[in-house]
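Asks: Sequence:
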Amino acid sequence: MRGGYRWLVLAVGILAQASLSAFHQGLPSIGPELQRHFQVGLVQTGVLLSAVAAGITLTLALWGSLADRFGERAVLAVGLGGAALALGGAALLQGSYVGMFGALVVAGMLGSCANAASGRAVMAWFGAHQRGTALGIRQMATPLGGAAGAAALPFLALRFGVSAALWALAAACLVAALACASALRRRTPPRAAGGATPLRDLRLWRLALGGSLIVAGQLSLITYLVLFLNQHRGVALAAAALVLTVCQLGGAAARVLAGAWSDRVGERIGPMRLLAAAGGVLLAVTALLVEAPLALLVPVLLLTTVTCMSTNGLAFTATGELAGAERAGVAMGFQNTWLFISGALAPIAFGALVSALGWSAGFGLMCVLAFGGWLLLEPLRDQERTGWRLQA
Numbered sequence: 116m117r118g119g120y121r122w123l124v125l126a127v128g129i130l131a132q133a134s135l136s137a138f139h140q141g142l143p144s145i146g147p148e149l150q151r152h153f154q155v156g157l158v159q160t161g162v163l164l165s166a167v168a169a170g171i172t173l174t175l176a177l178w179g180s181l182a183d184r185f186g187e188r189a190v191l192a193v194g195l196g197g198a199a200l201a202l203g204g205a206a207l208l209q210g211s212y213v214g215m216f217g218a219l220v221v222a223g224m225l226g227s228c229a230n231a232a233s234g235r236a237v238m239a240w241f242g243a244h245q246r247g248t249a250l251g252i253r254q255m256a257t258p259l260g261g262a263a264g265a266a267a268l269p270f271l272a273l274r275f276g277v278s279a280a281l282w283a284l285a286a287a288c289l290v291a292a293l294a295c296a297s298a299l300r301r302r303t304p305p306r307a308a309g310g311a312t313p314l315r316d317l318r319l320w321r322l323a324l325g326g327s328l329i330v331a332g333q334l335s336l337i338t339y340l341v342l343f344l345n346q347h348r349g350v351a352l353a354a355a356a357l358v359l360t361v362c363q364l365g366g367a368a369a370r371v372l373a374g375a376w377s378d379r380v381g382e383r384i385g386p387m388r389l390l391a392a393a394g395g396v397l398l399a400v401t402a403l404l405v406e407a408p409l410a411l412l413v414p415v416l417l418l419t420t421v422t423c424m425s426t427n428g429l430a431f432t433a434t435g436e437l438a439g440a441e442r443a444g445v446a447m448g449f450q451n452t453w454l455f456i457s458g459a460l461a462p463i464a465f466g467a468l469v470s471a472l473g474w475s476a477g478f479g480l481m482c483v484l485a486f487g488g489w490l491l492l493e494p495l496r497d498q499e500r501t502g503w504r505l506q507a
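If you use my numbering, the sequence shown corresponds to residues 116 to 507, in order.
Please keep in mind that the hints were generated in silico from the structure rather than gathered at the bench. One thing to keep in mind: the hints can contain errors.
To be verified - Label-pair ranges, simulated between beta-carbon atoms: (1) Gly381 x Ala298: 30 to 36 Å; (2) Arg315 x Asp497: 19 to 25 Å; (3) Val213 x Ala407: 35 to 41 Å; (4) Ala368 x Gln346: 24 to 30 Å; (5) Arg184 x Ala410: 40 to 46 Å; (6) Trp122 x Gly210: 43 to 49 Å; (7) Glu406 x Phe185: 52 to 58 Å; (8) Leu372 x Trp122: 40 to 46 Å; (9) Arg500 x Phe275: 50 to 56 Å; (10) Gly502 x Leu200: 42 to 48 Å.
All values reported here derive from a predicted model rather than from experimental measurement. Every residue gets a Cβ at the ideal spot worked out from N, C-alpha and C, and that includes glycine.
Using the sequences and the accompanying hints, generate a full structural model.
Replies: Structure (structure tokens):
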């Protein structure tokens, strides 16, 4: 029974995470349409597209703590149901830039339950020899949900308007909330021994900060890829959105492969650093090829984005293993808070730098940040190899 049920937990976790990423990572695919809809510039468009990430950042740690206390079922059902209502509100407020921004922030605040709670559930039901692969599959839901959004939202927005795209996202969150409420078991979460908090362990802070620097390039690429190809290189919106979709699908596969690799070698930090270095090199190459022929530029963009997307599951798994299963919710919420701080700030900084100095400067900055994360994680590699011990 346990063996079969854990795969159901994984499936529900994938659905929950995909419903969140459909609006978090899918909305950039209609960035040009939102820009035209509100008649705003590149930076203002980036701010609107970062609204969801800002909302997610505000409540990630809280949802993780609630999952540790009350279990994943209640947290996912309430949070995703609330996100559906907020997205419906964004659709009704489509005439107001400020109103839509606020509704998207609220949607992010409620939908962020999927990050810590679904990851905690998967970690609890899979052993260490399968955990990297399982969490890699679960993290695969992020680009898959983003790919679904990138494929569907431009069609809906261009054919029926921005509000139709937002209503579709609300429906997806509602379906996920109902699935979590019906499929997950109600259980009493394990208590942390002595009430210790993993946030006293400075290694978690290092891991969170290093991970946030590494994903800055991924988040900026996802946010601006369609705008870059459509406005700077003259690629049609549908074709640019297709490139983003392919990137998301490739990123999904890369996360599973990275997780399986980490299970095989028995560590997470080493593979994570190698992938971060590869992503940094590719970001530097992208900066040099901004004006290159599309036949060369697009494959490099695909490879760069896929590589930069591959490390998320490893960071998530390392965080849960460092904190321990009984504290995994709050630790994963903390890790994701840092990732989404990066997700909220990096695209805005990227857009501002592009507006001032050009696209090459933006990609160059993301390269520097990737190598900064690679360097910051170096001390954790040997500590993981000798075995994590919680330092309270």
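Asks: Are the hints correct? Go through all of them and say.
Replies: Structure-based check of each hint:
no. : hint                        : in the structure
1   : Gly381 x Ala298: 30 to 36 Å : 32 Å, holds
2   : Arg315 x Asp497: 19 to 25 Å : 21 Å, holds
3   : Val213 x Ala407: 35 to 41 Å : 39 Å, holds
4   : Ala368 x Gln346: 24 to 30 Å : 29 Å, holds
5   : Arg184 x Ala410: 40 to 46 Å : 54 Å, violated
6   : Trp122 x Gly210: 43 to 49 Å : 45 Å, holds
7   : Glu406 x Phe185: 52 to 58 Å : 53 Å, holds
8   : Leu372 x Trp122: 40 to 46 Å : 19 Å, violated
9   : Arg500 x Phe275: 50 to 56 Å : 54 Å, holds
10  : Gly502 x Leu200: 42 to 48 Å : 45 Å, holds
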